[in-house]
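Chains as they are written, first to last, in this note's numbering: chain A, 941 to 1438; chain B, 5 to 157; chain C, 15 to 332.
Hints may contain errors.
Derived pair list, reagent style DSS-like, types lysine-lysine, alpha-carbon separation capped at 25 Å [claimed, not checked]: (1) C:Lys99 / C:Lys45; (2) C:Lys323 / B:Lys30; (3) B:Lys30 / C:Lys324.
Source of the hints: derived by calculation from the structure; they are not laboratory data.
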Amino acid sequence: MEAILAAAANIFEPSTLLVLGIGTVVGLFVGALPGLSSTMGVALCIPITFGMDPANALVLLGAIYTSSVFGGSITAILLRTPGTDASIATTFDGYPMAQRGEGAQAIGMALVASLVGGVFSVCVLLFVAPPLSRLALLFGPQEYVYLTIFGMISILGVSGGNPTKAFISAALGLLLATVGFDLFTGYPRLTFGQDELFEGVPLLPALIGIFSVSQAISLCTGEADIGAGNMIKTKGRTLPAWSVIRRCGRTLFKSSLIGSAIGILPGAGTSVAAFISYDEARRRSKTPEAFGKGEIEGVAAPEAANNAVTGGSLVPALTLGIPGNAVTAVFLGGLTIHGLVPGPRLFTDHAEIVYTLILSLFLANLAFAALGLFAAPWVARVVKVPSAVLGPTIIVFSVIGSYALRNSLFDVWLVLGFGVLGYFMERWRIPGAPLVIALVLGPILETNLRRSLQISGGDWMIFFTSPLSYAIMALIVLTLAYPIFARRQQKKREQDAS
Amino acid sequence: MKRDTWIAIAVMAVAAFAAWDVYGLKRGAALFPLLMSSALFLGGAVLFVSSLRTRKAQDEVAQEGSETDEAPKRIWLPLVEVVVLTALFALAMPWIGFYPATFLYLAVFFALRSELSRPAGLAVAVAMTGLIYVIFSLLLAVPTPVGPLAPYL
Amino acid sequence: MHLKSSLAALALAASSLAIFASPSYAEYPEKPVEMIVPYGAGGSTDVLARLVAEYGEKYLGQPMVVVNRPGAGGQIGFAAIASAKPDGYTIGWINSGILTSPIVRPDVTFNIDTFDYVANIVTDPGVLAVAGTSDYASLEDFLAAAKEKTLTVSHEGVGGGDHLAVLQLESEADVEFNLVAFNGDAEAKAALMGGHIDAIEGNVSEQVELVEDGQLKPLVVWDSKRNADLPDTPTGKELGYNIVASSSRGLGGPKGMDEDALSKLRNAMVKVTEDPDFQADLKKLNMPLDVLVGDDYRAFMQEQDEGYKKLWAESPWQ
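Using the sequences and the hints, build the whole thing.
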C-alpha cells in the first residue's frame, strides 16, 4: 500500500507529467498514422528512454502503448484506414458514421469506450494481476485452438451480403497465413524463393494494403468520396449523450471484460478481443441489422475491448515475464534495459516503480481522452480535404510505414499489391475483413493445433480432455446457436401477440 | 461471361496452384496449406456454380445499383493512372530517395488528378513532404530509403 | 537520443556527399559506422546492439548507427552484412545462424568464410529446465523417466541452436523425446509452468529470474564451465555429455575488410567490453559477457560449424 502512495507522489512530479504528456501525444500520432503500429511506436522510443530514470521510462512507454491503441481508431473511423490491427473492427461501424457526417460523434464514442476499457483493465492489473496470471497458464495449446475458433466466429458477422464470397475471402486469408518457414518441420512454404516471405506474409503491410491503400485508391479515382461532396456538417457535440452511453453500458462492460481476459492470455492478441466483442455486441443487440451501417454500439464494443487489452496484456508480462503480444514483448525489452527484469519478483522488489507505471496508465487514459475530446472536432474535418489530396497522402504514409517495419522495399510492393487486391475485392463485393481476420488468427490456429497434436503424439483426443476446453467449446456452440434461438423466441412472441 | 464466373475461375486457379506448390512437402508442413487451398477451391467452385445458375444478366447490376452500366468504363482510366503513378513512385524511391520521390509523386499527382491549381498543388506537395519529413525522420527517426542518386539532387 | 540519431543520420548523408565531392585520405573512421541487426527492434540482439552502439561511439570516435534488417530468421541481415562494401563502415551482428542456414539451404549467399570476425560480445549458454514443482531432481532422473514414457521437450523452431542441442542429447543419451516447437521462450515457459509440457530447452538469461523464484528447475547447462548465474546446476560435460550449446552474439563484417578499419573496430570493442559501466548494463540485461576477438572468435565459430556439420551428416534435422 505504501508503495502505491509513494508511486502516487512520483507520478505528480512535473518531469513525470511532462513525459506522460509527450508519450500520449506521440502515441496518438503513431496510432493514427497508417503504417506505424503500437509495437513500432514503443520500439522506436526505447532508445530515448536510455537516459531516463526507470520510472519515467516506463511511464513514457506505457503512455505510448495505451494512447496508440486509441489513436488508431481515429483514422479507422474517419478514413477507414486503421493504423493498427487493433482498430480493424472499429472501421466496420465507425466509417459509415463518418460518411454520414458523424465522425466526431464516433470518435467521441470511441473515446468514452477506450477510456472505460482502459481504466477497467488497469484496475484488473492493479488488483488481481498475480492470481490471474496463474489462471492464464491453464490455457494450453488445445485451449488456444478453441479460442481462435471462437475468434473466427466473428467472421460470420462481417461477411456482408454474400456468404460464399466471405468464405473465399477467409480461406484466402488462412492460405496466406501458412506462407513462410514452418516452425515444426523447418520447411519454407509458398515463399517462391522470396527470402522476405520466409517469416510469413507480414501482417501490417497486408492489413494496411487491404484497408488503407485500397481506400486511398478509391479516393484517388474519385469513387469513394468521404463526406459526399464535402457538404456534410461536421458540427455537433463530440461526446455521446448520456442516454447513448447508458444504452451501450452493457456492451462497454462486457467488452472491457473480454478485452482484459483476452489480453491476459499470452498469444491471443488485441484484434481477437476486438473481433469477439464486436460480434458479441452485434449478436446481443436488438437491432443486429444496423451493425456495419454506422451503429454507435459497434464502435463502442471493439474500442472498449482493444483498450482493455493494454492493461490485461501487461498482467502476464509484468508478473511472469511472459509477454501477451508483440507490443508487450518490446515493452519488456525496454524494461530490462532499466534493470527491471519482469517476473514474479518485480512486484516486490520494484513495487514503487511498478505502481508508478500502473498509475501512469490511469493518467495516460485520462490524458488521451482529454486530448481526443479537444481534437476530435478539428480532426473530423479531415474528411473535408479533397479526396485527390487525401488519397495520395495516405498512400505515401502507408508506403513509408511498411518500409520502416523491416527496412525492406519488398514490403513496399507488398503493401501496394495488397492495396490493388483490396480495391478489386471491394469492387467485386468480396469483403476484405474476413481475409484480414483469418490472416491474424490463422497462424495462431495452425501452430497451436499442430503443437497440441505434437504433445499428444498425434492423438486427436487431446481436444476433448480438459474441462477448460469443454467450457470454451460450450461458449462457441452457444454463440452460434444464439441467433437461431433468438429468432425462434421472437417469432413465438409475435405469434403470441397476434 | 459474368464477372463472378471469372472470379470463381481465378480463385480456383490460385487454390490449385498453391496446392501444387506445397504438395511435395512433408505431410505435417503441407497439411494446413492443403486444407486451406481445398477450402478456397471449394469456395471458388460454389461461386462458379451459383454464378452460372443466376442466368439473369442483371445480377451484378442489382447488387451494385445503377452505376454499374457505365461506371466501370469511366473508372478504368483513372485507376490505371493511379496505379501506374504509384508504381513509378515505388520504383523511383530506391534510386532518388524517399523524400524526393514523395515530392515528385504528390506534385505530379496533384497536377494530373486534383482540382488544385499548379502553384497550389506544388505548395501542398512541398508542405506534405515537409510534414512527413518532420514526423518520420526528425521526430520518430524512422529510416527511409536514401538512394545512390540522392547526393546529386 | 533521438535527436542524436537523426543528427547521426544527417552526418551520414553529409559525409557521403563529401565523398562524392573529393577523394579524401582521412583516417578511418571519418563517418558513422552502420551496424546491421538481422532482427526487429526491441529484440534481445537489438537491445544489445543499441547498448554497444552507445558505448562504441566513445571509443571509435564516430557514431554507430543501428539498422534493423529482420527477416528469414536473420538470413536477410546476414546476407546484407556478408555482401556489404568491406570498407569498415558496415558491420553487423552475427550468430550461429550463419553456420546452420548454409547447411540447410545451400543457396544462401553467406557461410562461415564470407565474414571477417570483429569480436564476440555475449554468449548465453543453453539450459534444459523442468517446472519447479516437477519430480525430476536431476538430468539422470529425467533421462531415466524418458526411457519409461514419452516426455515432451520444447524448442524454438527446427534447426535452431536449442533444437540441435536436444537432438544431440537424444543421440548421446540414447533416448527419444517428443519434441514440440514454440514461437519463442515466452510461450514455451507458459506451457511448462502450466503443466502442458515436461521440459524446455532455452538459454540461461531467459530463465534466471524464474529459477530464483522457484518456478523453474534447471537440470543441466550446456557449457564447458559452470554458469555464474546458475552455480548449482551441473554442466553437460560434468554429467558425461560432450554437448556445448549456446546462443552467442558478436560483430562481424564482410570478408576482406580494410585491415586498418578491422583492427580499429576490434580495439574499440575490446575497450567497450572493458568499460565497467557497459559491464554493469550488460549484467542488468542478464547477458553474460564473453569476449573473443578476431581469430579467437573465428576459431570459436569454426568449432561450432564442425559440430553442426557432423550432426547434419549423422542425422539431418529436416
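These are the hints, each one checked on the structure:
Taken as a hint, the C:Lys99 and C:Lys45 pair is honoured in the structure, with Cα atoms around 14 Å apart against an allowance of 25 Å. A distance of roughly 23 Å separates the Cα atoms of C:Lys323 and B:Lys30; the hinted pair therefore holds under the 25 Å criterion. At roughly 24 Å between alpha-carbon atoms, B:Lys30 and C:Lys324 fall within 25 Å of each other, so this suggested pair holds.
Violated hints are absent here; each numbered hint is respected by the structure.
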